[in-house]
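Novice: Here is what each chain is made of, one letter per residue.
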Amino acid sequence: MKEGALLKLLKNPASKDKGFKLLIDLYQEKIYWMIRKMVLSHDSSNDVLQETYIRVFKGIDNFKEKSKLSTWIYRIAYNESIRFLNKESKMKKIELDSTDYNYSKKLFADTFFDADNLSLKFHQILSELSFRQRNIFNMKYFDELKFEEIAKITDININTVKSVYYSVEKKIKKEINESSL
Amino acid sequence: MNHHYKKLGLRIPNHYFKRSKEEILDKINLKEEQLTKNYNFGYYYLSIAAVFIGILIFYTIPSNNENLTEFDTNSPLISTLISGEEITDEYIIEFYSESLVLNEINFGN
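Chains as they are written, first to last, in this note's numbering: chain V, 1 to 181; chain B, 1 to 109.
Bound conformation, chain V alone (with noise of 0.2 Å):
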């Protein structure tokens, strides 16, 4: 179904339930694997995932079009994301710039998650990365989000998106090549 198509259902109060449900099967897993490669634990994936439908039903009748409804999706999901880890990590505010110190405790914790030689080894270049580093690779590489949609959900010069990628992921092959020699 097109986005315009399942915006009409959602605007109308006749069918912005039906459109609703379409939405959920449309966009949940992508937004549930973003969530989760933030938050790293399955339950706080869970409720992050869960609030920011609630937000983006309450929020649908005011959304502007302004962009696509996907990236309004994940730009809530984003959000919503920050506001959990910073709430998570009892601070002020997360810095963007700085690596996330539980990065590996959080993932350990995680009944859900299995290590093996190659997820570890993706995970310690990850938890090396500055946390506006890591969820723009995390975008681009995994959920395969476009430089443009990136910078729009994240509020991040474009042109900083795109080095930000590059230099990571130039990080990433080295280390990876580096690891299997």
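Calculated directly from the structure, the hints in this document are not laboratory data. Some hints here could point you the wrong way.
[Stated by the list, open to error] EDC-like cross-link-like pairs, simulated, lysine to aspartate or glutamate; straight-line CA separation at most 20 Å:
no.	chain 1	residue 1	chain 2	residue 2
1	B	Lys18	V	Glu51
2	B	Lys21	V	Glu65
3	B	Lys27	V	Asp110
4	B	Lys7	V	Asp155
5	B	Lys21	V	Glu175
6	V	Lys18	B	Glu22
7	B	Lys27	V	Asp17
8	B	Lys21	V	Asp47
9	B	Lys7	V	Glu29
[What the hints assert, rightly or not] Cβ pair distances, simulated, as ranges:
no.	chain 1	residue 1	chain 2	residue 2	range
10	B	Val51	V	Phe112	33 to 41 Å
11	V	Ile156	B	Glu23	27 to 35 Å
12	B	Ala49	V	Phe147	24 to 32 Å
The structure presented is a predicted model; accordingly, all values stated were derived computationally and were not measured. Glycine included, each C-beta is placed from N, C-alpha and C at the ideal position.
Start from chain V and add chain B according to the hints.
Specialist: Just chain B, lined up with the frame of chain V:
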């Protein structure tokens, strides 16, 4: 399962997305019910306020109207307006001298 599992080792419970969808819809229905209840509650208070304001208006407006309609029809301006006669100096002098006399009589009573 996609590359999130293959490369990152991140798993999800069986049938997670199906259950998650149901939970989201349940939460939304619950919130909507709460919103409707709050709206009904608000509507109830608004109705009481409207009745109260209505009563206030009912008891205050008539008395105001009485005040507004209480005017001296014998006054030269009003009487000429009613009768359509022209206001003359003689008419005004006659009116005030008559009022003076009537006041004297009332005072005497």
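Novice: Now tell me, hint by hint, if it's right for this structure.
Specialist: Each hint tested on the structure:
1. Only pairs whose Cα atoms come within 20 Å are accepted, and Lys18 of chain B paired with Glu51 of chain V is accepted, the gap being roughly 17 Å.
2. Note on Lys21 of chain B and Glu65 of chain V: the hinted pairing is violated, with a Cα-Cα distance of about 25 Å set against a maximum of 20 Å.
3. With a CA separation close to 25 Å, the supplied pair Lys27 of chain B and Asp110 of chain V exceeds the 20 Å bound.
4. A threshold of 20 Å between alpha carbons decides the hint, and for Lys7 of chain B with Asp155 of chain V the separation of about 27 Å lies outside it, so the pair is violated.
5. For the hint pairing Lys21 of chain B with Glu175 of chain V, the CA-to-CA distance comes to about 39 Å; that exceeds 20 Å, so the pair is violated.
6. Only pairs whose Cα atoms come within 20 Å are accepted, and Lys18 of chain V paired with Glu22 of chain B is accepted, the gap being roughly 13 Å.
7. For the given pair, Lys27 of chain B sits about 13 Å from Asp17 of chain V by alpha-carbon distance, which is consistent with the 20 Å threshold.
8. Restraint check: the Cα-Cα separation between Lys21 of chain B and Asp47 of chain V comes to about 12 Å, which is no more than 20 Å; the hinted pair holds.
9. About 17 Å separates the Cα atoms of Lys7 of chain B and Glu29 of chain V, which keeps this hinted pair within 20 Å; it holds.
10. Between Val51 of chain B and Phe112 of chain V, the C-beta spacing of about 58 Å breaks the proposed range 33 to 41 Å.
11. The supplied range of 27 to 35 Å is met by Ile156 of chain V and Glu23 of chain B, whose beta-carbon atoms lie about 32 Å from each other.
12. At roughly 55 Å, the beta-carbon separation of Ala49 of chain B and Phe147 of chain V lies outside the given 24 to 32 Å, and the hint is violated.
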